[in-house]
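> For the sequence shown, position 153 matches number 574 in the working numbering, and the numbering has no gaps at all.
Hints are computed from structural coordinates only; laboratory data are not their basis.
Treat the hints loosely; a few may be bogus.
Pairs of lysine-lysine residues, derived as DSS-like cross-links and limited to a Cα-Cα distance of at most 30 Å, are as follows [unchecked claim]: (1) LYS525 / LYS666; (2) LYS593 / LYS642; (3) LYS666 / LYS556; (4) LYS491 / LYS614.
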Amino acid sequence: MLFAVIVVILETMPASAQFTIRKKSDVPLRQFEFLHDSPNVSLDKEFFDRAAWNAERRRIRKERNNVEFKATLQTQLQQFENWTSSGNNTFSAISTLSFRHRYKREKLNIDYSASARYGMNVIDDAPFKNVDEWKLNFQVGWTMHNNWSYSASANLRSQFTTGYKARDDDSKVSAFMAPGYFEVAGGFTFSSKTSPFKITLSPISGNLITVLDREVSELGKYGVPQGNRMEGKIGPSVEIKCDLKFGRDVGGKKMFQYSGVLYSFTNIKTDPTVRWENTFDIFLTKYLTTTVYGQAYYLKEASTSLQYQYMFTIGLAYTFNNQ
Numbered sequence: 422m423l424f425a426v427i428v429v430i431l432e433t434m435p436a437s438a439q440f441t442i443r444k445k446s447d448v449p450l451r452q453f454e455f456l457h458d459s460p461n462v463s464l465d466k467e468f469f470d471r472a473a474w475n476a477e478r479r480r481i482r483k484e485r486n487n488v489e490f491k492a493t494l495q496t497q498l499q500q501f502e503n504w505t506s507s508g509n510n511t512f513s514a515i516s517t518l519s520f521r522h523r524y525k526r527e528k529l530n531i532d533y534s535a536s537a538r539y540g541m542n543v544i545d546d547a548p549f550k551n552v553d554e555w556k557l558n559f560q561v562g563w564t565m566h567n568n569w570s571y572s573a574s575a576n577l578r579s580q581f582t583t584g585y586k587a588r589d590d591d592s593k594v595s596a597f598m599a600p601g602y603f604e605v606a607g608g609f610t611f612s613s614k615t616s617p618f619k620i621t622l623s624p625i626s627g628n629l630i631t632v633l634d635r636e637v638s639e640l641g642k643y644g645v646p647q648g649n650r651m652e653g654k655i656g657p658s659v660e661i662k663c664d665l666k667f668g669r670d671v672g673g674k675k676m677f678q679y680s681g682v683l684y685s686f687t688n689i690k691t692d693p694t695v696r697w698e699n700t701f702d703i704f705l706t707k708y709l710t711t712t713v714y715g716q717a718y719y720l721k722e723a724s725t726s727l728q729y730q731y732m733f734t735i736g737l738a739y740t741f742n743n744q
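Please construct the entire structure, taking both the sequences and the accompanying hints into account.
Spelled out as structure tokens, the structure:
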């Protein structure tokens, strides 16, 4: 009954509704923009790849630097026991080390090397040194035209230990830096990638001979007056180097390798000094090599005769070349 009365009252009352109409805004409604293409972003810098950068650095370093290393050990043994014919028990060994580094960047080129040779033989348990020499060479050049460069060089060579006159004579005849040879020069150098020769012409060069050991200096040998420790000379010099490799590959290197150096120094007061060294290697396997070595040397102040030595050896060798 009460519900019916409420319905009747609501139907008889007037109905109304209230709406609020706002003024149109001057700010346009934001519209959604859809990107149908790739964003227009400018990439001013390339992506940095560290692995590629390191690889390029290694390539440039290898292109500018050439490193060579060689080590050999060659021996010979002859033994007699109850042998009716004559013969002596002999053992000989010679070891060589050589290192060379060549650097080239634009017009600058640097070439330096170090080498050493030492050998001994034993006859009936009596040891005697027969090979002893070390050398240091340095040359810097600046390309002048095509294969020619301005160059300056310095060379030093001597021996490690004391040398004696004979196996049964302990008279001292040489020692460390007695003699020692120090050479400096300035001039022009020819070098080409297509030629095995490297020629250095030095209009001005100096040659210093030292005898720093007191006993050896009293002998008056090697072009140094008796009792003096050194003697210097000035004059032109010529040096011709040859590095030749040919034949089939054996263990990553050529089977036949030849290296030679011809050096001549002239002084107006004395006869010329001439030194010619030759080394011919035959690589039978990767680590087995046969070597033929020969040297001729003429220095009138030391001997009026031509000095020469040669040897034929076979043994182990290890070589490295980064090219």
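> State for each hint whether it applies.
Do the hints match the structure? See the list:
1. The straight-line distance between the Cα atoms of LYS525 and LYS666 is roughly 21 Å, inside the 30 Å bound, and the hint therefore holds.
2. Simply put, LYS593 and LYS642 have alpha-carbon atoms about 12 Å apart, close enough for the 30 Å limit, and the pair holds.
3. The suggested pairing of LYS666 with LYS556 holds, with an alpha-carbon distance near 23 Å, which does not exceed 30 Å.
4. Simply put, LYS491 and LYS614 have alpha-carbon atoms about 22 Å apart, close enough for the 30 Å limit, and the pair holds.
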